[in-house]
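Novice: The residues making up each chain are set out below.
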Amino acid sequence: MKNLMKNLMKNPLFVPVICLGLVLLFNLLTNAGFFEISIKRNNVGNWILAGNLISVFNNASELVILAIGMTLITSASGGQDISVGACVAIAGGVILKTLASKSGVPVVAAVSLGCLVAMAFGAFNGILVSIFNIQPMVATLILFTAGRPISSWITGGLSPRITNSVLDAVGNVIPGVPVPTPIFIAAFCVGFIFLTLRFTNLGLYAQAVGISDKAARLVGLSPRLVKFIQFVVMGLCVGLVAFIKVSRVGSIQYNYIAKDIEMDAILAVALGGNSLSGGRFSMTGSIIGAYTIQAITTTLLANSVPSDALSAYKAVVIIILVVIQSPVVKDFWRRRGKTDPGDSSLNPTKNGLPPHPQGAGPKANAGPNAGPNPASGSAASLSASLSASPAANLGPGPLPSLAPALGAGPVGT
Amino acid sequence: MAAKDLSPKTRSEPMSDTTSLLIITVAIFLVMYLTAAYLFSDKGFAKPQMFFNLLNENAALIIISCGLSIVMIAGGIDISVGGLTALITVACVVHLNDMEGSSFLTSLLLALGIGLAFGLVQGFLVAYLDIQPFIVTLAGMFFARGQAAMIDTQTRTVANESFSALAQMRIRLPIGSVNNNGVFVQAYMELGVVIALLVVAALFVTLRYTTFGRSLYAVGGNKQSALMLGLNVKRTKFLSHVLCGLLTGLGGFVFLLHVRSGAVTHAAGYEMDAIAASIIGGTMLTGGVGNIFGTFIGVLTKGAIGNIVRAMGLVGSWWPGITLAAMLCFFLILQSVITSRKRAKIG
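The listed protein sequences correspond, in order, to chains P and Y.
Read in order, the letters of the first sequence correspond to residues 1 to 413 in the working numbering.
Read in order, the letters of the second sequence correspond to residues 1001 to 1347 in the working numbering.
Because the hints were derived from the structure by calculation, they are not lab data.
Careful, some of the hints might be misleading.
Distance ranges between label pairs, derived from CB positions [claimed, not checked]:
| no. | chain 1 | residue 1 | chain 2 | residue 2 | range |
| --- | --- | --- | --- | --- | --- |
| 1 | Y | Gly1113 | P | Ile320 | 18 to 26 Å |
| 2 | P | Trp333 | Y | Arg1310 | 55 to 63 Å |
| 3 | Y | Arg1343 | P | Lys330 | 29 to 37 Å |
Glycine included, every Cβ here is placed at the ideal spot set by N, Cα and C.
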């Protein structure tokens, strides 16, 4: 029993599941009507499911998609992309402008263009991070500042309203289907990323680069390329989110669309039990985290908290969560639990060492002779920690060619 | 001890990152401003008041950016400053308007108290519980804005005599310009500018010549070696956040002096403006490199961009943002190139 508890606590999904459980428990105790799902006829005459749970799933769709990209970026680069909200505004502006300019343009073309533009901006971020070695949060600060102005530049400061049956079907419901469409889009993205992680090395490489840049280079990966790819993937996610956002209302307000969503996405990653300084990640955790955040928001709104004051409650939740997850507090509980001293296998990034030696400024790499030794040491620890990691840590399951891919030398560069 | 060892070492190098980045920043600002003064002299750029208006409008941002620079030099970040400023304006206005016996002095104490409280809590969470500063201060930002909305969602103007008297204080300068009617008009500064300049001077000295200042650089540059030098890394980080909170408190008060109203939406995006100003001023987000004077110039550069873009006739509301971002991009790449060249030289 004690062992079972310990194993449960060690599972990376422990924290996110407990958090979600707490939110749901709170609702169950205070307002059982939260779980009520009814079927109603909307104003067009379609039967749709309604209720708080449905609205949680529906409104979390954008966040889930962004959390996927954010998890990958966090894992590979040890930083976060704070420009996603602004990039959603840009992509939304492109989609809207394309649809508004010529009525003959099919939605697919407009969305593809939006996704391409978003991926181009993602690539811009990626170049700054990978080639110029700028911290991700700082590099994306550029687009964070410029994104919404660029969006208003594209649309000329206007926000035309588009009425289009395809957009309506994507943003709300497909006639005949009682479930809001964004839920399906999010589910599709989740399925797609799990398949990608299962059958490609995307996730493995991201973790390898995130754990140690140098070690990854020594086993033949190109850290630059790996980081770059994550940002382009994020661009694709941003394009999709912009599509959902635009189709929900048929328009955008470039100053308010997806406002603060980057914060929620980062929070989702943190809530998912992932270290924000990179390395190993759990995609399942992030996705549960995203739904948890939306559940918190919906719960607060259902309890008639004014939407302006929402953020104060969210902040308290964030602080409680990060304090629980902080290494110091975890250590404290571990010591009180009197586990054997050999068990102190802390994540190397949490020991106070900078996660990326090359990013820590010139003073960090003081001597040339300091280079090779830690690098080879961390290479060993990297492969050890990767091959020893239990299946649960790698999200959907261990990748098929886990150890061989790392040992085989130059791959994927 | 450690402080005395550190400062000659940085100076004996051909040119430290801090110095070279500072020189570039100052040079760019001067070239930009003087060119604008020459090209747009008909639009008032050559008038001294234009420059002092830049200071008047950005006094609060200067103080806040200084606090942020200190945190950044110590290797952290604080994105709660914008929300905190809004909270302070709202709280102070409520205090000044609705409470008996309130004066500018009590509101200043209130502002500093709120800032100090945020600094203490955030500093404790970052330094002693080892939580990522970005997440802690993100929560701080959410909390501050939400709390401000809970206090009052309306925009309210200050109606307090002692405060208004202070806010309307103008410091006339011996320089000025001749206006359209041929009358000589003296340039003026607001009180906030004096406070901001004093803060810049005090912090400049602190960072350069005190043990605390030098240990900030040491901790930001390399935590491990700072620890081995015997510096109290945790306390230094903690103090950097406390100082940033206090400075934001002061900055919030100066902000209130300038706008004379309190609203939840005040100081929107200030955190990013302050970070941008610090980066333009040569502070590196990786820590260990930075200069308070550079930050001061960074804020002025940021403010001047808006004026110049407007003078160039680009009326779209989007131009200042795009230009600022382009500038930020340039400075970041510049920093990156300097760092990588240095690393190549080391080996």
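Novice: Now tell me, hint by hint, if it's right for this structure.
Specialist: Going through the hints against the structure:
For the hinted restraint 18 to 26 Å between glycine 1113 of chain Y and isoleucine 320 of chain P, the CB-CB distance of approximately 24 Å keeps it satisfied. One distance hint, 55 to 63 Å for the beta-carbon pair tryptophan 333 of chain P and arginine 1310 of chain Y, holds here, with the actual separation near 57 Å. In this structure the hint that arginine 1343 of chain Y and lysine 330 of chain P lie 29 to 37 Å apart at CB holds, the actual value being about 35 Å.
Violated hints for the displayed structure: none, as all numbered hints are satisfied.
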